[in-house]
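In case it helps, mature numbering (1 follows the signal peptide of the UniProt record, and there is no 0) puts the sequence shown at residues -18 to -1, 1 to 376.
Be a bit skeptical, because a hint or two may be false.
Claimed, not checked - Below are the DSSO-like pairs computed for lysine-lysine, each with C-alpha atoms no more than 30 Å apart in a straight line:
1) K264 - K342
2) K88 - K247
3) K88 - K342
Hints in this document: simulated from the structure, not taken from any laboratory.
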Amino acid sequence: MKTSLLTLGVLLAGSVMADTQTNIRSAIEQRFYFQDGLYPKQHDSDLSVFIEPEFYHSWNDGADSVNFKPFFRYDSRDSERTHMDVRELMWLHVGDAWELRAGIGKVFWGQTESQHLVDVINQTDFVEAIDGEEKLGQPMVQFSWVQDWGTLSVFALPYFRERTFSGVEGRFRTPLRVDTDNPLYQSDDEQEHLDWAFRYMGYLGDTEIGLSWFDGTNREPVLLPAMQGDEAVLRPYYGQMQQVGLDMLTVVGATLYKLEAIHRKTDQDNFYALTAGLEHTKVGVFNTAYDIGWLMEYQYDERDELATSLGQNDLMVGTRLVFNDIRGTEILIAYIQDLDDSSGHSGYIEASSRINDNWKWRVDGWFFSADTPSDPAYLLRRDDYVQLSLEYYF
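Turn these sequences into a full structure, and let the hints guide you.
Below, the structure is given as structure tokens:
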């Protein structure tokens, strides 16, 4: 890491004519939980702050660039949520019809709103958000070949990132503490196993198509019971997996049709899963500046109750309200119903708006309901919360 930072410093100082940009994002966040926690030591509120600077430098007439984005969070309750990470430290070279990236970065694959099945490059930073949207930086080398028929990318992933988990005082935790200091691996190479991935992205008319293949360490660990001295704990087991993925987005008038589908093979599972749905937008509703979108997605997992995700046979409906104002105000509300269990449902709200050029407020909330112990949401049934955030950009 010291060598990487030194290299970055040399690059930043190397060219007077080069383009250099610096941005810093920081925030203070307050969470309020509506119910007492399931376990001792859990709290009903949680205050945290984070800072995420970004330093960009380009040279060689823009053909080469480096982007550095570290991240640090302090949490007043959960010591496991106080952590730092390098989200990105990436060199990019752009050729005539190709691109080469090397370093630490984040790659997103996917089209649907409610969950992202095909998004397997980066590990989930689970202590950051329950929806799995926040990711850890992944060491990688990526080569992309850009042609009229689409873009073909190959990824070499030389080092594995382990998932973060809440501590004993945190919410969204398991009954037993997850022993993140003693993970288990199927591969003898453990964290140094070399993973490979390929992806094609192109267009067929108005349809965007992504085809992907991944062979490497599963980002979703299996939690195995074990003893750590006199304490019963859960040890994360990271097996090997092969996954083929398809994601599609097509536009028909004012409606977006979305699909993510996978086939995954591990030493324990061999299954299909998909998320499919649509988003229809009404522009200028009631002759106002507002746009309103209606969302519906179906979630399916062949493993049924053995699935590790919340969506095995579930339906999500939601609405997105875009104010189209100078402050960029948006509100998203969604409800997810388990079609096999009337007691199993969840929902969330996301709202944000700029206060001025530097300040932005955000409100996020989740609620969970499940009466069946086999439902993954059963462990979250008392973790309903609302989070108020004040973000500063400079």
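- Message: What's the verdict on K264 and K342, does the C-alpha distance respect the 30 Å limit or exceed it?
- Response: Within the cut-off at roughly 26 Å; holds.
- Message: Tell me if the straight-line CA distance from K88 to K247 falls inside 30 Å.
- Response: Given pair K88, K247 holds - Cα atoms ~24 Å apart, limit 30 Å.
- Are K88 and K342 close enough, with their CA atoms no more than 30 Å apart? holds, 24 Å
Violated hints for the displayed structure: none, as all numbered hints are satisfied.
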